[in-house]
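Full structure from sequences and hints, please.
Letter by letter, the chains look like this.
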Amino acid sequence: MNARRALAIAAAVASLACAACSTVGNGRLVQLDTAQARTLLVVGRTTRDEVRTALGQGTVIRFESGLETWHYLYREGIAPGWDEVPFIGLVTARLDRPTKELVLLFDGQGVLKRWSLQSYRSAPSGGA
Amino acid sequence: MRIASLLIALALVPAWALCAPAGQAGTQHVEVTAALPGARDEKTLAQLLSAREAFERHHALAPEATLAFRLYARLDPKDLDRLRLFLVDGRQRTEVPLDEHQRFALAPGWTRADAERGVLLQTNLPDGTVAWKVDVRTPGVPDDRRRLGDLRLECEADTFHGNLQRGLRTPVSAILDASDELCLLDDAEVWFAERAIFGVTLVAGERRRLLPYSYLHGSTGTMALAALFDWPYALRDRAYFLPLEDRSWPDDAQVVFDAMDDPQPEPAP
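Residue numbers (my numbering), protein chains in the order written: chain A, 1 to 128; chain B, 1001 to 1269.
Among the hints, erroneous ones may be present.
[What the hints assert, rightly or not] Selected chain B positions facing chain A (Cβ under 7 Å, derived; list incomplete):
1. PHE1086
2. PHE1198
3. GLY1199
4. LEU1210
5. HIS1217
6. SER1219
7. TYR1233
8. ASP1237
9. GLN1264
[What the hints assert, rightly or not] Computed footprint of chain B on chain A, listed as stretches where at least three residues anywhere in the stretch have a Cβ under 8 Å from a Cβ of chain B:
10. 65-77
11. 96-108
12. 113-120
Honestly, the hints are just simulated from the structure, not real lab data.
Even for Gly, the Cβ is constructed at its ideal location relative to N, Cα and C.
Structural data, given as structure tokens:
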């Protein structure tokens, strides 16, 4: 193994070990509780732009129906991006890490239709 | 002028043919065969029989359930309006009736000998338009939920047995398949709810678990890869995985769907 490869592996290990958390959005999700969410997220009224201003941009999935989900995630203990890497994510998902996630559903006009906020530990039985 | 004569002659041919007496010397039967415009979506009977054998081996997961197969439209829901299924045995095509959910069961007369002869179950739609799923149902479970043991059994019968699911097989899956433990992986099988879903909750008595969003819609990482070939595009909002790795959930646990069109729960979660 040459020195450059060893250095790259060491850097990857260090980034995994030292990173504090990964988050999607502007980080406000960390402090968001159910009471705040009820105020911020009003079904039938809150728009995508208002959510983007408040929470930053979530991860978007658009469906053929015109509906779309926005997903916000906060996880302690791992650097951003690793969870999304196929196969490596299978390993990081098994680490016992406090996790909070917010899922929003917007209708075709960009108005909030549903939302869900939950905290859990991504323990071995916690899946992906 | 020559062209006009030729056209007149051609116009008279059908009339002459109609007037010719039956059995007249020179009459011949002409068989016209035409290749289909492209490959049809199909599975071999051997695949379906293998799924049934796995179903029988693992029937304890759902003792009261029956086995069927279900066809889903992968690309356009309107395809279901024109979907038909045929048993193809050489040149013989026999239509297989589908129920209102596009399901069919294996007929008692379909044998392993038929499978070894290359008999197919073939749709009338182009390859890639249909997702084929094993469908295991314990009687009495409503449409807004499934029984976990039924779904575990579907996985056992499908993944690497019937092998009906499209998609990439992960290296880990290939290894575990050798030990028949594939369905202990969360990303082993993708399922489709009856309606577009916003959430999935596992319920066993007082125990409840709202699945993380990574289990829905092929939304992240390995599950997105595993599901890639079965959910585009019409099925993505109905797609979900299950925490198969967590065997602490009993087979009688309920998988409860929260549909996108359901109202926001009050009080909010």
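- Query: Okay, which hints does this one fail, numbers in order?
  - Reply: Of the numbered hints given earlier, the structure breaks just one, which is hint 1.
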